[in-house]
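Given chain A, put chain B in place with the hints provided.
Read off the chains here:
There are 2 protein chains.
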Amino acid sequence: MEIERKFLIDTLPENLSDYPYHQLEQGYLCTEPVVRIRRENDDYYLTYKSKGLMVREEYNLPLTKEAYEHLLPKIDGILISKKRYLIPLLENLTIELDIFEGKLAPLYLAEVEFDSEEAANAFIPPEWFGKDVTYSSEYHNITLSRKKL
Amino acid sequence: MEIERKFLIDTLPENLSDYPYHQLEQGYLCTEPVVRIRRENDDYYLTYKSKGLMVREEYNLPLTKEAYEHLLPKIDGILISKKRYLIPLLENLTIELDIFEGKLAPLYLAEVEFDSEEAANAFIPPEWFGKDVTYSSEYHNITLSRKKL
Chain A
1 MEIERKFLID TLPENLSDYP YHQLEQGYLC TEPVVRIRRE NDDYYLTYKS KGLMVREEYN
61 LPLTKEAYEH LLPKIDGILI SKKRYLIPLL ENLTIELDIF EGKLAPLYLA EVEFDSEEAA
121 NAFIPPEWFG KDVTYSSEYH NITLSRKKL
Chain B
1 MEIERKFLID TLPENLSDYP YHQLEQGYLC TEPVVRIRRE NDDYYLTYKS KGLMVREEYN
61 LPLTKEAYEH LLPKIDGILI SKKRYLIPLL ENLTIELDIF EGKLAPLYLA EVEFDSEEAA
121 NAFIPPEWFG KDVTYSSEYH NITLSRKKL
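Chains A and B, in that order, are what the protein sequence lines are.
Residue numbers for the first sequence follow this note's numbering, so the first one is 1 and each next one is one higher.
Residue numbers for the second sequence follow this note's numbering, so the first one is 1 and each next one is one higher.
So here's chain A without its partners, still in its complex pose:
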């Protein structure tokens, strides 16, 4: 299980260009179970995620660029396109800062993953973090993909 907190960001850090980023795209063919296509830089995947109380399965299956582009017109809603910056914090924590592009711009979201619920609850966000949206489904990728524009 992932334990993470999620925050809206209003103002980007000034030294953002010092950090590495991945170019991400993802779109949904189906949401229950999740059948998703995803680009990570020059790698392409079909992801399947089943929901279940006992068994939750996740598979990341490789696609060629051609297969990804063939499946692209079949997605529901919006293709989510974002740059994901990885910014190290104290105590082995890393901020994943997503800068949304295209139809979802300008939207910035930061996620931090923790080893335990205690660590998550004790977390004091940096000055530049905005509203805590950990418990809001509004900023889930599936919700964003369905956004009316």
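FYI, nobody ran anything at the bench for these hints, they're computed from the structure.
Treat the hints loosely; a few may be bogus.
All copies of an identical chain are treated as equivalent in the list; a pair is satisfied when it fits inside any one copy or across any two copies.
To be verified - Capping the alpha-carbon separation at 27 Å, the derived lysine-lysine pairs in DSS-like fashion look like this:
# : residue 1 : residue 2
1 : Lys147    : Lys131
2 : Lys74     : Lys51
3 : Lys131    : Lys74
Just chain B now, with coordinates in the frame of chain A:
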């Protein structure tokens, strides 16, 4: 690896209704790698098959009826719909007799799977089997799904 021979059938056996059958449907979202949706009676699957010399992967991942129906309009070409009869033969062999329905009717194909190439080559087909199409790609499901009607 599957070792099988495939035959066209012109005339169906008279006692066909004595045998059990599955109702099958399948359609392709992508062909390289294969991303396929499939219905087997009341079970629904997403199938992923990669081509590779060293590693060929195949995953059959469960879908709900709703997810299957959501993905149905996204397929390329024709939805293949067929009844698959299972007819036992001598020596633990089974004929899989596919009676295609809908846009591909009337087409009947029989497949027999073998333990070895020797057994496959030694196989003497029953009287009612027609042309051997083992080496023809014309009757592959992917080819049939692309048929211009």
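Item to check | Unsatisfied constraints (hint numbers, rising) | outcome: 3
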